[in-house]
Amino acid sequence: MPHYRTTLGGEQHRFDTLAEVMAKATPARSGDALAGVIAETDVDRVAAQMVLADLPLDLFLTEALVPYETDDVTRLILDSHDAAAFAPVAHMTVGQFRDWLLSDAATPSVLRALAPGLTPEMIAAVSKLMRNRDLISVARKVEVVTAFRSTLGLPGRMGSRLQPNHPADDLRGIAASVLDGLSFAVGDAVIGINPATDNIPTAMSLLHMLDELIGTYAIPTQSCVLTHVTNSIEIIERGAPLDLVFQSVAGTQAANEGFGVTLPLLAEARDAALSLNRGTVGRNVMYFETGQGSALSADAHHGIDQQTLEARAYAVCRAFDPLLVNTVVGFIGPEYLFDGKEIIRAGLEDHFCGKLLGLPMGVDVCYTNHAEADQNDMDVLMTLLAAARAHFLIAVPGADDIMLNYQSLSFHDIAYLRNALGLKAAPEFEEWLVAMGLVDSSGLLVESGAGAQRLLERAP
Amino acid sequence: MSDIAKDPWARLRAATPARIALGRSGAGLPTQANLAFQFAHARARDAVHSALDVDRLVADLGDLPVIRTRSAVPDRASYLRRPDLGRTLAEGEAAHLPCSPCDVLFVIADGLSAAAVQAHAAPVIHATLLRLKGLTCGPIVIAEQARVAIGDQIGTAIGARLTVLLVGERPGLTVADSLGAYLTFGPKPGTRDSARNCLSNIHGQGGMSHDRAADKIAWLARAALKLGLTGTGLKEDADVSPLLPD
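Going line by line, the protein sequences match chains A and B.
The opening position of the first sequence corresponds to residue 184 in our numbering, with each subsequent residue numbered one higher.
The opening position of the second sequence corresponds to residue 1085 in our numbering, with each subsequent residue numbered one higher.
Treat each hint with caution, since some may be false.
Stated by the list, open to error - Beta-carbon label-pair distances, calculated as ranges:
id : chain 1 : residue 1 : chain 2 : residue 2 : range
1  : B       : K1272     : A       : R421      : 49 to 57 Å
2  : B       : A1179     : A       : K524      : 37 to 45 Å
3  : A       : T200      : B       : G1243     : 39 to 47 Å
4  : B       : D1139     : A       : T399      : 52 to 60 Å
5  : A       : S263      : B       : H1180     : 49 to 57 Å
6  : A       : G486      : B       : D1139     : 40 to 48 Å
7  : A       : P271      : B       : G1312     : 53 to 61 Å
Unchecked claim - Here are the computed lysine to any residue pairs in the SDA-like style, where the Cα-Cα straight-line distance is at most 25 Å:
id : chain 1 : residue 1 : chain 2 : residue 2
8  : B       : K1319     : A       : M392
9  : B       : K1319     : A       : M619
10 : B       : K1272     : A       : G486
11 : B       : K1319     : A       : L459
12 : B       : K1319     : A       : A423
13 : A       : K607      : B       : K1272
14 : B       : K1319     : B       : D1295
15 : B       : K1272     : A       : L217
16 : B       : K1217     : B       : R1245
17 : A       : K607      : B       : G1110
18 : B       : K1319     : A       : I419
19 : A       : K524      : B       : G1112
20 : B       : K1319     : A       : K524
21 : B       : K1319     : A       : T380
22 : B       : K1319     : A       : R421
Said to hold, decoys possible - Simulated coverage check for chain B against chain A, where a stretch passes if three residues somewhere in it have a Cβ under 8 Å from a Cβ of chain A:
id : stretch
23 : 1122-1136
24 : 1166-1173
25 : 1206-1213
These are calculated hints, taken from the structure and not from any lab test.
Computed from a prediction, not measured in an experiment: that's the story for all the values here.
By construction, the Cβ of each residue, glycine as well, lies at the ideal position given by its N, Cα and C atoms.
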């Protein structure tokens, strides 16, 4: 077994495995403490970072952190690796790769071409050597464009998911929240409902309602009911108007089994959704959610730190050409990300890793009431993510999700970010907002409320 | 003039407890709405740290036989950081559970909201028992400082074919007393979450009523016992087949 070691301040630091180097180099968080893989001291963490900085990037192609033989996510990562795309950085150490990513040589087009040559472990490794501002400055250079009925990820734009959940899946209650969100120019990425129960008839009635609403107002956006992938397949068979297939995914085969998901099942669902041919400007039909800690939560972490496992989940997403991917960063609770500081760091890491791997990466900027965090922490994270050019952010009425019992962003927050940073909605959606009189030609919400009035007149 | 004629948003506001039609100050929340949010968050934070009044819960369960137990968690702060301990019985507790094989075993876990368990666990159990005629039910187990998976260890010890675990869900801003129900066929330690069926949002502020929850739990319980499974293989289809399966 190879040893990884360095001498720091006269003290020898030794790490037995690559997994141990990765885990101990990770900025501190409660989930790694829970898993027993965290650095014991701050100096031990820096020592691990120094060892990591000197490791060759291509080591990750020969040394699998999770065994190739027993894990289909590892097989997916290594079997689909594009050596030609990797060539420009193949000779670098992790530390040199960080310097190069920050340099002007790493342009948007260079980074886009590089993505198929990068593995999640390489990107996770370099992220551990980066400060928050590094994660932002590199991620904002990456352009990822996806489309269904709206085109997302274009320069100067930031998408938003309108999340109109209701504790009893009440159709009128959900419609009311949708109209409120539309009046704030939210919903160009997706109007996505988390149903209160995994019930096929309910999911179908929600899909019919959204389809009718999108049709009535001719909104260039897509709908999604975030139910299990097996339900979506059955819903397609029963003939309901399904735009996007949703699934939560994780970074190991065992954790995905915990979600009741396999790679062939995801492929089957994607084929089924594509067969409906419901997109108008694009054919990205998948929507994935992820989050640090999901593998440990399913007791399927293999002694790997949660941030590296999260990056591996992006390899699963990448294989299915999604419209949207987001980390639900603060949702899982304080045992994985304890406070605002850990949530902010993780949100930036996840966004960076997803983007560099070529994903349409968004974030649910959120926290639960048992975490040491509040809306001020979310204000910081959303502003940083908008600066990092996130694909989309999630918003709910008044930042309060009354079904899932946690806090995300409010519709107001999306308006704030667009105003403060000069960002617009997706072009097709933007055109619709202007035609409805909801925003003016510069993308600002119209004061008069006439547009909102127009929405309400045709309310179901 | 009615409120609805004066304010077109009033009709929509009446349709959902969500914080819609708040108005705006520029792109920000108006002061009153902002303060109302801060108050709700402060209240939810307080709810997370409140304790279950077990004696009152036992009284609400009336004549039903009750067994009390607890997880390996020493205090609330550890509960938040150590979910593994909340899923495990405290040392020696498993030995105190009687082996009494049954079709259905109800387990009550305080979870993240003692208020939810206090308000809804007993009524949901009473209502569900009326709908489970013909099946054998074990004693009601009350587990303190407990998470969902503790039901697997309890179900194994008692010898239940199916556990119905009721747990306090994490408090939200609007609702701090929402109850969840998890059904697990063949409970044993290590059971995956995909092998459970879950009902959430059982509460009185726009959520699922006690009777509706009891209908669904009873339908799922009978279907699970008939099919020999719970989880993603058992679709909750009570709305299309209101009649209970035989």
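Which numbered hints does this structure break? 1, 9, 13, 20, 25
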